[in-house]
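Novice: Here is what each chain is made of, one letter per residue.
Protein chains: 2
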Amino acid sequence: MRTHYCGIVDESLLDQEVTLCGWVNRRRDHGGVIFVDLRDREGLVQVVFDPDRVEVFTRAERIRSEYVLRVRGRVRRRPEGTVNPDLRTGAIEVLGLELEVLNTAETPPFQLDEDDVGEDTRLRYRYVDLRRPMMQTRLQMRARITATLRRFLEANGFLDIETPMLTKATPEGARDYLVPSRTHPGSFFALPQSPQLFKQLLMMSGLDRYYQIVRCFRDEDLRADRQPEFTQLDIETSFMDEEGIMGLMEQMVRELFAQVLEVPLHDPFPRMTYAEAMHRFGSDKPDLRIPLELVELTDVMGEVDFKVFSGPAKDPHGRVAALRVPGGGALTRKEIEDYTGFVGRYGAKGLAYIKVNDLNAGREGLQSPILKFLPDTVVVEILDRSGAEDGDLIFFGADKARVVNESMGALRVKLGHDRGLVERGWRPLWVVDFPMFELDEKEGRWVALHHPFTAPRAERPEDLSGDPGHLVSRAYDLVLNGTEVGGGSVRIHTMAMQQQVFELLGIKEAEAREKFGFLLDALKYGCPPHGGIAFGLDRLVMLMTGAQSIRDVMAFPKTQTAACPLTQAPAPVEQAQLKELGIRLRPAPGAQKD
Amino acid sequence: MRTHYCGIVDESLLDQEVTLCGWVNRRRDHGGVIFVDLRDREGLVQVVFDPDRVEVFTRAERIRSEYVLRVRGRVRRRPEGTVNPDLRTGAIEVLGLELEVLNTAETPPFQLDEDDVGEDTRLRYRYVDLRRPMMQTRLQMRARITATLRRFLEANGFLDIETPMLTKATPEGARDYLVPSRTHPGSFFALPQSPQLFKQLLMMSGLDRYYQIVRCFRDEDLRADRQPEFTQLDIETSFMDEEGIMGLMEQMVRELFAQVLEVPLHDPFPRMTYAEAMHRFGSDKPDLRIPLELVELTDVMGEVDFKVFSGPAKDPHGRVAALRVPGGGALTRKEIEDYTGFVGRYGAKGLAYIKVNDLNAGREGLQSPILKFLPDTVVVEILDRSGAEDGDLIFFGADKARVVNESMGALRVKLGHDRGLVERGWRPLWVVDFPMFELDEKEGRWVALHHPFTAPRAERPEDLSGDPGHLVSRAYDLVLNGTEVGGGSVRIHTMAMQQQVFELLGIKEAEAREKFGFLLDALKYGCPPHGGIAFGLDRLVMLMTGAQSIRDVMAFPKTQTAACPLTQAPAPVEQAQLKELGIRLRPAPGAQKD
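Residue numbers (this note's numbering), protein chains in the order written: chain A, 8 to 601; chain B, 8 to 601.
No wet-lab data here; the hints were simulated from the structure.
As the structure is a prediction and not an experimental result, all values here were calculated from the model.
A virtual CB, placed ideally from N, CA and C, is assigned to each residue, including glycine.
Any given hint could be a false lead.
[Unchecked claim] Computed, partial: chain A to chain B, Cβ under 7 angstroms:
#, residue
1, R138
2, T153
3, P536
[To be verified] Residues of chain B placed beyond 12 angstroms of chain A at every Cβ, according to the derived structure:
#, residue
4, R157
5, S212
6, L299
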């Protein structure tokens, strides 16, 4: 029906006839002539209808915004002074010779160039919202990203293999979406939180290298930027250790950025242990674009006459750390109060500070409510270690290490953004040497930091002795600009080791049997060494497109209450359907019993 | 961990050292030497452990079937007389220099080369079953097929766009899988039967060309070869008519067969109207490899003195047709009885026949219980039209046209296979000009043959008058060797036409609003002309790999009761989970009320 996309008509087509299809982005009448910006996936082109051509002009008079047109016309140079250098088509226009209105349109619920349309309206009329050039670009880039990833993986011998969606509850620990079975009344499928067990089974099946771009599901209370269904690039390989896997994945990500964004990434990606990341940045996904670091003070605070500091410094689980804010001396009392409130959300009970007015003036040059508690030697250490300069401010965190890390880590990121300290560019980072287990303080038991199939950095099951908190796993996370974009590990591949880990986790044999019996069986029949990784595709695309939310890189996302304003899903269903499934609704709270 | 896959080590590597990883396919001891067939995804290679190398030999003595090994060895020519020309590695062997047992294995539940393992056992130990070379080849070919399709579509400007899995009940009409919503108690998501409405919305969004390889779900009673979840290659494009779409899809399928099977397909694919297909083959998906056709006799049977034929011949909905079986004169009474039983399953009340012994002998040369009812003129027509020869047999079907088509169409296919008449090769066929509607005889109302968004072959809504049974749609099916592998249509793109079609289908405005309100809204705001197609990927892969069941081209299929013997899904869940979802189980029939 057309010869070219609108958005690519340029001077190479001068004096040629083209046939275009697209939407009326805007119609302007000027000097008796009708100008139409015709829009398609590739961009805009200006079409001109001249009153001299009576028939086509008369038709053109009918057209309105968002009408769908087919236009035959001749490409000509725009008159001097009307060239638009921002458009690929900006040097030309198309003189309309023939016009067919393929469809009319009512006035859309919002204008495509409106900025402040509410998200609910955008989602309800998603087919209008997606016509915006920005949304088109994002979805196009998403398709280019997945195509590039697939090509890389296929060139490296990875097979695209599909795993089931109707499956058994998975061990990820979040809440499952359930699907009642009609043929087995009283039983339920679960939608997968990830294909973790299936990809391991594929390795046991000898398929050697697997990948899949796959939908995953978590029925969680939606935080700011989560979705009930999301997409994972899921990868697993046999006969490769963590060095091999990280190397190959790094190559993949580097190729992705080179091909899609034409950006070279650092080669090789830097690596950091979990311990170092927590120590320097209070986070296992540090944003390296922010040139601020935590300063360790636990060792010097034990003896100060200030319980707020000395208490945590003497607690084996405590930590005291400082964060220097360059130029932070200019922060107002109100701003400092706001930051105090901010760290409070992470459990910090306060936010002590010292303003550094004049280093040469000694104590007189410092300004702080807590200065009086700190002896000179300690003050010197603080200034020394933090590298403070005149005009800076130093914040302090002192509490359980977990609270200090979470609050000061978050404060570091917030200050980086608030004070314009975030460097441009891409800062990938591998974080390695994660602990195997962390203590669930409420339940008083050890839980797997990744998942219970992650291999420990130990040769034999009997090496897993001593404090479980000190065991290091063979897991790795890929962090990009402060966002975890991928995470994986070498997996346990022997029965003896898997049983030992279950034991440390307090998972009883019967429970392990019931939940993962098929995996334990499979370990008995010749399981190869294997490992893998999964990337959060939505988040990766969001970073690469510069979108602010993963909802902006999905065609039809859900709202934060897990609903779809477009289709009105979820929706009530017929009683007969429920009956077939062997279920019925509970009466709403307060309603009468049925 | 390795330098090469086992299955690709050949003479080009003579005298070189290789490191291989794989499974022990078989161990044989012969003349004091240990021979191991080591297996990986790419095939087998023979590894030899010599008693002269004491340490590695001693280790090799421990190994058993399905142990996972890592072997360093030197490639050498096999001794004369032991070359295996069937294997790529058959001219060489690897002398084992170093051996590491990466994992042991218990004796697997069945041998990989066992032929008659029950399907339940195969599915329960799928990770053993998938190690069979045949299953490996099929999954590898499946990956190659999807990669080839993706490349073609992306080269043609189609964007891979993901549509939701948690969505609203779709209009396909089969039973939906439901997912209870926790955040909206009493409401349910449906898993998609196809992304039909979303892909149309993407066209209304101006994304122009869409594709997706996507999981779809139908909670149906599983016939021989259906699965509750299956995979569709889903395609939609704007500004293209049926000629354009069929042409492009044909090119895609031709390229697929050329690249994956190295088979050239007929160019162009033949086309046939629905009416012709039913007339000649009694089926809208005729297998053109079978050189048998129905012979029309309705017009000559009206006046015969045999109600079984004259009744249907005079019924406007009736049909009388014959099927010549070359050499069928040799069929025994028992065989004919079996075929009579076979057509009975399709509703046929009998299966009349004539054996043609000697054409030159006139009536004397024919043998049939019904001959006496047929006048000479009719007998001459039967012999003439069917082209019968000595030794043939002619079967007759006479009933409602639907019954004749279904029973004789099925008989044609069965006879083709039973009598070895199926020609080799690939016979693609486009079937076009489908009726818009068919009469639901039970409900006495018209239903859409494809779906209610299929465009009629009519310019304006007011052209849809007269008998709805005579309206032809702009739908097309791609048939390959008697299997429907793809189906699609140009869609309705104006509100007026869509409303007219809903009206003919007896869908009330309120019902249309409730079910497809968002689609009707979208039609108002500038919907482009568009159309598309969907291919059943599992079935296509099954045909291309020569597998007998779609379960053999899926990694983890379900049984015919929609269960997974491997993971034991579906399974009961905790009461607390159901409570969160606002549902509870109905008491089993016969159980006490709760």
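Novice: Against this structure, judge whether each hint is valid.
Specialist: Here is what the structure says about each hint:
no., hint, result
1, R138, "holds, 5 angstroms"
2, T153, "holds, 6 angstroms"
3, P536, "holds, 6 angstroms"
4, R157, "violated, 7 angstroms"
5, S212, "violated, 4 angstroms"
6, L299, "holds, 38 angstroms"
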